[in-house]
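Student: Listed below, chain by chain, are the residues.
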Amino acid sequence: EAGVTQSPRYAVLQEGQAVSFWCDPISGHDTLYWYQQPRDQGPQLLVYFRDEAVIDNSQLPSDRFSAVRPKGTNSTLKIQSAKQGDTATYLCASSFWDRGGERLFFGHGTKLSVL
Amino acid sequence: SQWGEENLQALSIQEGEDVTMNCSYKTYTTVVQWYRQKSGKGPALIILIRSNEREKRSGRLRATLDTSSQSSSLSITGTLATDTAVYFCATDDSGYNKLTFGKGTVLLVSP
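Those protein sequences? They're chains A and B, same order as listed.
My numbering numbers the first residue of the first sequence as 1 and each following residue consecutively.
My numbering numbers the first residue of the second sequence as 1001 and each following residue consecutively.
FYI, nobody ran anything at the bench for these hints, they're computed from the structure.
Computed from a predicted structure; not experimentally measured.
There could be a bad hint or two in this list.
To be verified - Restraint ranges, calculated between C-beta atoms of paired labels, are given here:
1) B:T1077 / A:S66: 22 to 28 Å
2) A:S113 / B:K1038: 40 to 46 Å
3) A:P61 / B:L1061: 44 to 50 Å
4) B:A1081 / A:S66: 28 to 34 Å
5) A:Q80 / B:L1061: 41 to 47 Å
Unchecked claim - Covered stretches of chain A (in silico footprint by chain B; criterion: 3 or more residues with CB under 8 Å from a CB of chain B, positions within the stretch not fixed):
6) 36-45
7) 89-99
8) 102-108
Don't be surprised by glycine CBs; every beta carbon is placed ideally from N, CA and C.
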């Protein structure tokens, strides 16, 4: 089966610029997660969806970050006016909502550098 | 061990040696999942242990869970150079796969 697909692989920005990350989850997975992974740290949850609904976005810096999943399939994470502190790898993952305690399937991530 | 304010830990060993890494967590969890992340890749699950289990084995991997002390361990026997990676433990207090990851352990296995 095809895995979780993310694009782009890399992004380099100046502070103040905007960037969007795209994720295509595993077919049939109704739950989609965005994680931020700063260098030398574990992934930190930003937001997750069940179908098109946001379940929890409490860790998303709402003033500059936004995430959507309009049809309950693909998802886009956008950063407006990026800051150097946003430098990290952004990981997308997917799973089934009703299979608690099961694995998350991760994409390879998008590595963002903000200069 | 992982978690809290601890820095990313690093272990350097020779091929063939056994290694154990530890994880302590702060809240109730339904499961502890161990992920391996190789350079340039996303994390991938290697072993999962549920709250009603004390030990789980999979090939060269062994995970333990002590819910009373809120700690888990991952052991790898007969390490290979290909085991070189960062290892994370992750817990779930939601029951809906909302995972919280530890800071990770860097494992370097030299041939």
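Student: Go through the numbered hints given earlier and state which of them the structure violates, listing their numbers in rising order.
Tutor: 1, 2, 3, 4
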